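Asks: Chain by chain, the residues:
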Amino acid sequence: MGKYLKFFLVGIFFGIVLVKSEAVSWYRIYEMFKFQSFHMYGIIGSAVITGVILLVASKQLKLKTTEGTYLRVPLKDRGLIRYILGGSVFGLGWALCGACPGPMYILVGTGVMTMLIVILAAIVGTYAYGALRSKLPH
Amino acid sequence: MDLILEPWPWYVSGPCIAIVMFLLLYFGRTFGMSSNLRTICAMGGAGKRVKFFDFDWRQYQWNLIVICGAFVGGYIAHNFLSNPININLSEATITDLNSLGFKNIGKSLLPGELFSWEAFFSIKGFLILVIGGFLVGFGTRYAGGCTSGHAITGLSSLQLPSFIAVIGFFIGGLIMIHLIYPILF
Numbered sequence: 001m002g003k004y005l006k007f008f009l010v011g012i013f014f015g016i017v018l019v020k021s022e023a024v025s026w027y028r029i030y031e032m033f034k035f036q037s038f039h040m041y042g043i044i045g046s047a048v049i050t051g052v053i054l055l056v057a058s059k060q061l062k063l064k065t066t067e068g069t070y071l072r073v074p075l076k077d078r079g080l081i082r083y084i085l086g087g088s089v090f091g092l093g094w095a096l097c098g099a100c101p102g103p104m105y106i107l108v109g110t111g112v113m114t115m116l117i118v119i120l121a122a123i124v125g126t127y128a129y130g131a132l133r134s135k136l137p138h
Numbered sequence: 001m002d003l004i005l006e007p008w009p010w011y012v013s014g015p016c017i018a019i020v021m022f023l024l025l026y027f028g029r030t031f032g033m034s035s036n037l038r039t040i041c042a043m044g045g046a047g048k049r050v051k052f053f054d055f056d057w058r059q060y061q062w063n064l065i066v067i068c069g070a071f072v073g074g075y076i077a078h079n080f081l082s083n084p085i086n087i088n089l090s091e092a093t094i095t096d097l098n099s100l101g102f103k104n105i106g107k108s109l110l111p112g113e114l115f116s117w118e119a120f121f122s123i124k125g126f127l128i129l130v131i132g133g134f135l136v137g138f139g140t141r142y143a144g145g146c147t148s149g150h151a152i153t154g155l156s157s158l159q160l161p162s163f164i165a166v167i168g169f170f171i172g173g174l175i176m177i178h179l180i181y182p183i184l185f
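Quick mapping for you: the protein sequence lines, in order, are chains E and Z. Each residue of the first sequence is one higher than the one before, counting from 1 in the UniProt record's numbering. Each residue of the second sequence is one higher than the one before, counting from 1 in the UniProt record's numbering.
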């Protein structure tokens with residue numbers, strides 16, 4: 001359990017931040033896709049800028065992880081179709097139920113029990129992708 | 001304390017999310033929430049039927065712990081760290097949602113029109129939650145990541161595939177909000 005405590009604590013922090021930023025709110029996602037507020041763009045934009053700085057600094061400082069390896073970000077495979085199509089499918093779902101795969105669990109924590117059906121459906125969706133994977137263009 | 005109880009501005013929240021990403025990388029892992037859905041499929045034995053789920057899910061236990069923490073964080077933030085919710089949405093958004101027939105806009109994190117039990121037990125409400133969730137699960141795995149993996153981690157490490165995926169997120173989102181919502185509501 002000890003080795004997992006840090007992950008649990010990071011998760012708690014993540015949950016608190018996403019609730020306090022209102023990024024878990026369906027309303028904020030709707031507003032974002034309507035381009036009617038800077039709020040969500042500010043969150044994602046400042047997260048990315050901070051992320052770039054942290055990653056560049058870690059590289060410069062040759063920072064090592066707690067596992068003893070150099071800190072590195074896993075690279076995504078090259079491709080186009082899977083990212084455009086898959087991304088669009090996710091975007092449709094994200095805009096429809098206002099929750100991406102992190103906020104789903106956070107929202108259950110805030111007491112929205114109907115979110116459990118969304119999680120269940122997302123698991124089925126992931127399974128469907130796995131089953132159809134060889135037939136889809138990537 | 002008031003500063004904590006009030007909603008946090010974007011310039012505090014965004015860097016905090018980057019810190020979450022950084023900590024997970026620092027622990028030798030990565031920030032990707034949708035992978036958990038695949039892990040859960042594998043845990044349930046999907047690997048026996050579908051090769052995509054045939055891997056040792058135990059190596060991803062740490063990520064399941066992260067979402068358990070996120071669940072607890074949501075509980076704590078909502079019950080102990082929040083004033084009554086009144087989301088400061090733009091006037092234009094409120095007007096648009098009013099015209100779609102939404103009430104009590106921004107008075108809770110999610111609209112009762114979609115997420116109350118009453119909505120759940122209507123055919124339309126049920127289908128919205130199920131289809132929405134299905135598309136999220138299917139799309140994130142197809143694209144190899146979601147907001148955390150692509151929009152935050154991928155963009156922070158300047159990866160082109162993630163940039164393409166984020167464009168995809170917006171293609172889907174804009175189609176849903178601008179073309180499909182007017183039919184649904």
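Any given hint could be a false lead.
Listed next, the in silico DSBU-like pairs over lysine-lysine satisfying Cα-Cα at most 30 Å (straight line) [stated by the list, open to error]:
(1) 103(Z) - 124(Z)
(2) 51(Z) - 135(E)
(3) 124(Z) - 34(E)
(4) 34(E) - 107(Z)
(5) 135(E) - 48(Z)
(6) 62(E) - 3(E)
(7) 59(E) - 135(E)
(8) 64(E) - 135(E)
(9) 64(E) - 6(E)
(10) 124(Z) - 107(Z)
(11) 64(E) - 3(E)
(12) 48(Z) - 34(E)
Partial list, derived from the structure: chain E residues whose beta carbon lies under 8 Å from chain Z [claimed, not checked]:
(13) 60
(14) 61
(15) 80
(16) 83
(17) 119
Label-pair ranges, simulated between beta-carbon atoms [as the list claims (entries may be wrong)]:
(18) 45(E) - 80(Z): 49 to 55 Å
(19) 9(E) - 120(Z): 47 to 53 Å
(20) 53(E) - 118(Z): 42 to 48 Å
(21) 134(E) - 1(Z): 50 to 56 Å
I should point out that these hints are in silico values taken from the structure, not numbers from a laboratory. These numbers come from a predicted model, not from an experiment. Every residue, glycine too, gets a C-beta built ideally from N, C-alpha and C.
Asks: Each hint should be assessed against the structure and marked as holding or not.
Replies: Going down the list of hints, with the structure as the test:
Taken as a hint, the residue 103(Z) and residue 124(Z) pair is honoured in the structure, with Cα atoms around 18 Å apart against an allowance of 30 Å. Among the hinted pairs, residue 51(Z) with residue 135(E) is consistent with the structure: their alpha-carbon atoms are about 14 Å apart, no more than 30 Å. With a C-alpha separation of about 23 Å, the suggested pair residue 124(Z) and residue 34(E) falls inside the 30 Å cut-off, and the hint holds. Distance check on the hinted pair: residue 34(E) and residue 107(Z) sit about 19 Å apart at the alpha-carbon level, within 30 Å; holds.
Between residue 135(E) and residue 48(Z) the alpha-carbon distance is near 19 Å, which keeps this suggested pair within the 30 Å criterion. Restraint check for residue 62(E) and residue 3(E): the C-alpha separation of about 24 Å stays at or below 30 Å, so the hint holds. A C-alpha spacing of about 39 Å is found between residue 59(E) and residue 135(E), which places the hinted pair above 30 Å, so the restraint is violated. Taking the CA atoms of residue 64(E) and residue 135(E), the gap is about 40 Å. The hint is violated against a cut of 30 Å.
A C-alpha spacing of about 17 Å is found between residue 64(E) and residue 6(E), which places the hinted pair at or below 30 Å, so the restraint holds. Using a Cα cut-off of 30 Å, the hinted pair residue 124(Z) and residue 107(Z) holds, with the two alpha carbons roughly 23 Å apart. A threshold of 30 Å between alpha carbons decides the hint, and for residue 64(E) with residue 3(E) the separation of about 18 Å falls inside it, so the pair holds. Distance hint between residue 48(Z) and residue 34(E) is unfulfilled; the C-alpha atoms sit about 43 Å from each other, more than 30 Å.
Of the supplied interface hints, the one on residue 60(E) is violated, with its beta-carbon coming no nearer than about 14 Å to a beta-carbon of chain Z, more than 8 Å. Checking residue 61(E) against chain Z by beta carbon gives a least distance of about 12 Å; that is not within 8 Å, so the hint is violated. For residue 80(E), the interface hint holds, the least distance from its beta-carbon to any beta-carbon of chain Z being 6 Å, beneath 8 Å. For residue 83(E), the suggested interface contact is upheld, since its CB lies about 4 Å from the closest CB of chain Z, less than 8 Å.
At a threshold of 8 Å, the smallest CB-CB gap from residue 119(E) to chain Z is about 7 Å, leaving the interface hint in force. One distance hint, 49 to 55 Å for the beta-carbon pair residue 45(E) and residue 80(Z), is violated here, with the actual separation near 29 Å. Separated by about 33 Å at the C-beta atoms, residue 9(E) and residue 120(Z) break the suggested range of 47 to 53 Å. A hinted range of 42 to 48 Å for the beta carbons of residue 53(E) and residue 118(Z) is consistent with their spacing of about 46 Å.
The supplied range of 50 to 56 Å is met by residue 134(E) and residue 1(Z), whose beta-carbon atoms lie about 55 Å from each other.
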